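J.: My request is simple: use the sequences and hints to build the entire structure.
Chains A and B, in that order, are what the protein sequence lines are.
If you use the working numbering, the first sequence corresponds to residues 95 to 503, in order.
If you use the working numbering, the second sequence corresponds to residues 10 to 176, in order.
These are computed hints drawn from the structure, not numbers from a lab.
Any given hint could be a false lead.
Claimed, not checked - Reference excerpt, derived from the structure (chain B facing chain A, CB under 8 Å, subset only):
1) 42
2) 43
3) 45
4) 46
5) 47
6) 48
7) 50
8) 51
9) 52
As the list claims (entries may be wrong) - Here are some chain A residues pointing at chain B (derived, C-beta under 8 Å):
10) 141
11) 169
12) 177
13) 492
Predicted, not measured: the structure shown is a model, and the values here were computed from it.
Yeah, the Cβ is synthetic: ideal placement off N, Cα and C, and Gly gets one too.
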Amino acid sequence: MANRVIAWIDQRFPLSAFIKNELTDYPTPRNLSYWWNFGFLAGFMLVLQIVSGVFLAMHYKPDVSLAFDSVQHIMREVNYGWLLRYMHAVGASAFFIVIYIHMARTLYYGSFRAPRELMWWSGQALLLLLMATAFMGYLLPWGQMSYWGAQVITSLFRATPWVGDHLVLWLRGDYVVGDATLNRFFALHYLVPFFIVGMVLIHLVALHHVKSSNPSGINLAAKDNIPFHPYFTAKDFFGLGVFLIVFCGFVFFKPEFFMEPVNNVPANPLQTPAHIEPEWYFLPFYAILRAIPDKLGGVVAMVLSIMIFAAMPYLDRSKLPGGARFRPIYRISFYIFIADVAVLSYVGAHPPGGVLAEVGRVATFLYFAVFLLLPLVSKKEEAWLRARGLPSELEALVAGEDDKAGGRR
Amino acid sequence: MSEEDKVDPERRDFIVTTTTVLGAAGVAGACWPFISSMNPTASVKAEAVTEISLQGIPPGQVHTVAWRGEPVFIFHRTPEEVAAMQKSSGGKDPQADKARVKEADWLVVVGICTHLGCVPNKVADGWLCPCHGSVYDNSGRILSGPAPRNLDVPPYKFIADDKIEIG
Numbered sequence: 095m096a097n098r099v100i101a102w103i104d105q106r107f108p109l110s111a112f113i114k115n116e117l118t119d120y121p122t123p124r125n126l127s128y129w130w131n132f133g134f135l136a137g138f139m140l141v142l143q144i145v146s147g148v149f150l151a152m153h154y155k156p157d158v159s160l161a162f163d164s165v166q167h168i169m170r171e172v173n174y175g176w177l178l179r180y181m182h183a184v185g186a187s188a189f190f191i192v193i194y195i196h197m198a199r200t201l202y203y204g205s206f207r208a209p210r211e212l213m214w215w216s217g218q219a220l221l222l223l224l225m226a227t228a229f230m231g232y233l234l235p236w237g238q239m240s241y242w243g244a245q246v247i248t249s250l251f252r253a254t255p256w257v258g259d260h261l262v263l264w265l266r267g268d269y270v271v272g273d274a275t276l277n278r279f280f281a282l283h284y285l286v287p288f289f290i291v292g293m294v295l296i297h298l299v300a301l302h303h304v305k306s307s308n309p310s311g312i313n314l315a316a317k318d319n320i321p322f323h324p325y326f327t328a329k330d331f332f333g334l335g336v337f338l339i340v341f342c343g344f345v346f347f348k349p350e351f352f353m354e355p356v357n358n359v360p361a362n363p364l365q366t367p368a369h370i371e372p373e374w375y376f377l378p379f380y381a382i383l384r385a386i387p388d389k390l391g392g393v394v395a396m397v398l399s400i401m402i403f404a405a406m407p408y409l410d411r412s413k414l415p416g417g418a419r420f421r422p423i424y425r426i427s428f429y430i431f432i433a434d435v436a437v438l439s440y441v442g443a444h445p446p447g448g449v450l451a452e453v454g455r456v457a458t459f460l461y462f463a464v465f466l467l468l469p470l471v472s473k474k475e476e477a478w479l480r481a482r483g484l485p486s487e488l489e490a491l492v493a494g495e496d497d498k499a500g501g502r503r
Numbered sequence: 010m011s012e013e014d015k016v017d018p019e020r021r022d023f024i025v026t027t028t029t030v031l032g033a034a035g036v037a038g039a040c041w042p043f044i045s046s047m048n049p050t051a052s053v054k055a056e057a058v059t060e061i062s063l064q065g066i067p068p069g070q071v072h073t074v075a076w077r078g079e080p081v082f083i084f085h086r087t088p089e090e091v092a093a094m095q096k097s098s099g100g101k102d103p104q105a106d107k108a109r110v111k112e113a114d115w116l117v118v119v120g121i122c123t124h125l126g127c128v129p130n131k132v133a134d135g136w137l138c139p140c141h142g143s144v145y146d147n148s149g150r151i152l153s154g155p156a157p158r159n160l161d162v163p164p165y166k167f168i169a170d171d172k173i174e175i176g
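T.: Written out as structure tokens, the structure is:
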């Protein structure tokens, strides 16, 4: 009976073929490490955030006079409301951790390089959508940090030449962040995740067209691929299990770890808290914003610091395949970049001024320097490594690249 | 292939089966908080017990009170109405009037038509539902119309001569 139903569907819709080609038999490089687990984990976090968010929305009220109390109602009265909220709040941080590791893996192993540019750019779009969703969601509890975070970030748009003031007024629907702002942020916070789902589908279609990259950076021969199921379903789910142990540890034992105590005070439009800072996942970009002693310049630098990732496929000029595996200088640049982001996060989390302001400026300079010097560094590195002598297979591969480039000329 | 490398399919099947079953149980368990969050909260449940004073309801009058947000009719019946109801056993859902009251002159019923949930209006000898025309008598028993059952009697008790507690 089941077979007949499936045959009936297969005549009208490629169900079995789809499952076979894209899931069970989908060819996957046999040498993927656990760093390749994080795309799956990001997909899991997206589902968990949407599900917990939909259930929270059943109890939340987007109204300045009710919002704060409705969150307390969720925490104290709704059955398992505390669990839903902590899952969603910790989930936002977990989502960013997973995404940042996913991005770091892509940078380290050069997975953004041809032919995977569209994967990288759809990922860049996903990052922007995720940031927008997280920012708007953070206003909803209507605490002091929610309020002043939204006030500051919407004020950034005031730096837009000519139309800045009108733009901010339009974004807020009020002279300050108010009822209109809260209501629209709620609507958009609910909407944007569905754009994310759509962009994830594009990301996945592109992935299944170009296939996964792998730690070697070299496209494997067909015989070096293995079917996705059961090898990578098992690996992904094992990774998910480990991830969930850590995630549940935070949800159940340290749920306030990523939260600001000041946000337990209801929003007060007449009083800014002594020290405001964004959520940890915005800190590096926030530090860059503050490092530039000019309003428009700071905003431009902050936007560029996020968008510059998109240029990576063109900044990396090396003919050597992959990322850091065969390229010591690229590897050093990668670690400098990661350390620099850590420094910027530290600077962003502390009050401006003093020696930290100088550190912030140097770190900002270094942040952009790592990207902008990459065309030069990658070329020099290639020349140096080839002069020193590459393994013969690698040299043949690079020479093949040379021929292709020659043929194009 | 050495002796140790030999695959034992039965052991592998055992691991696959136990992992699948445990995983499915975990997912099912994780669904519970989500489902439970849609149930009434404790504060909603707290409203499920309501005290009503019967003082100031003259004979022949109905007072409608809210219990769990639903209307409850408290009908102070006259001796004639009581006598008339005790003689009849209702319509298509026969029931003795005595079985529907704790004190003969006080009728307490949930004011929700058992058809599709409208609130019936009081008429001379009972109630008439405005939605689909179900007719109830002065004991809240269905006489005619689409409603299948008599008006429900909520759980209640007299906690004083002139005070009841519903719920």
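J.: Does residue 50(B) hold up as a contact with chain A if the rule is Cβ-Cβ below 8 Å?
T.: holds (4 Å)
J.: How about residue 51(B): closest beta carbon in chain A under 8 Å, or not?
T.: Holds. Min distance 6 Å.
J.: Per the CB criterion, is residue 48(B) less than 8 Å away from chain A?
T.: For residue 48(B), the interface hint holds, since the closest Cβ of chain A sits about 6 Å away, which is under 8 Å.
J.: Would the stated hint for residue 52(B) survive a check requiring a Cβ distance to chain A of less than 8 Å?
T.: holds (5 Å)
J.: Let's test the interface hint: is any C-beta of chain A closer than 8 Å to that of residue 42(B)?
T.: holds (4 Å)
J.: Is the hint on residue 45(B) kept, meaning its closest Cβ partner in chain A is under 8 Å away?
T.: holds (4 Å)
J.: Does residue 141(A) meet its interface restraint, that is, does its C-beta lie within less than 8 Å of any C-beta in chain B?
T.: Status violated, d = 12 Å.
J.: Let me know if the C-beta of residue 43(B) comes in closer than 8 Å to any C-beta of chain A, holds or violated.
T.: holds (5 Å)
J.: Measuring from the C-beta of residue 46(B) to each C-beta in chain A, is the shortest one below 8 Å?
T.: Result: holds, 5 Å to nearest chain A Cβ.
J.: Taking 8 Å as the limit, does the beta-carbon of residue 169(A) come near enough to a beta-carbon in chain B?
T.: violated (12 Å)
J.: Double-check residue 492(A) for me: the hint is only fine if its C-beta lies closer than 8 Å to a C-beta in chain B.
T.: With a closest approach of 38 Å, the residue 492(A) hint is violated.
J.: Does the closest beta carbon of chain B sit nearer than 8 Å to the beta carbon of residue 177(A)?
T.: Because about 5 Å separates residue 177(A) from the closest Cβ in chain B, which is inside the 8 Å limit, the hint holds.
In summary, the structure is inconsistent with hints 10, 11, 13 from the numbered list given earlier, while agreeing with the others.
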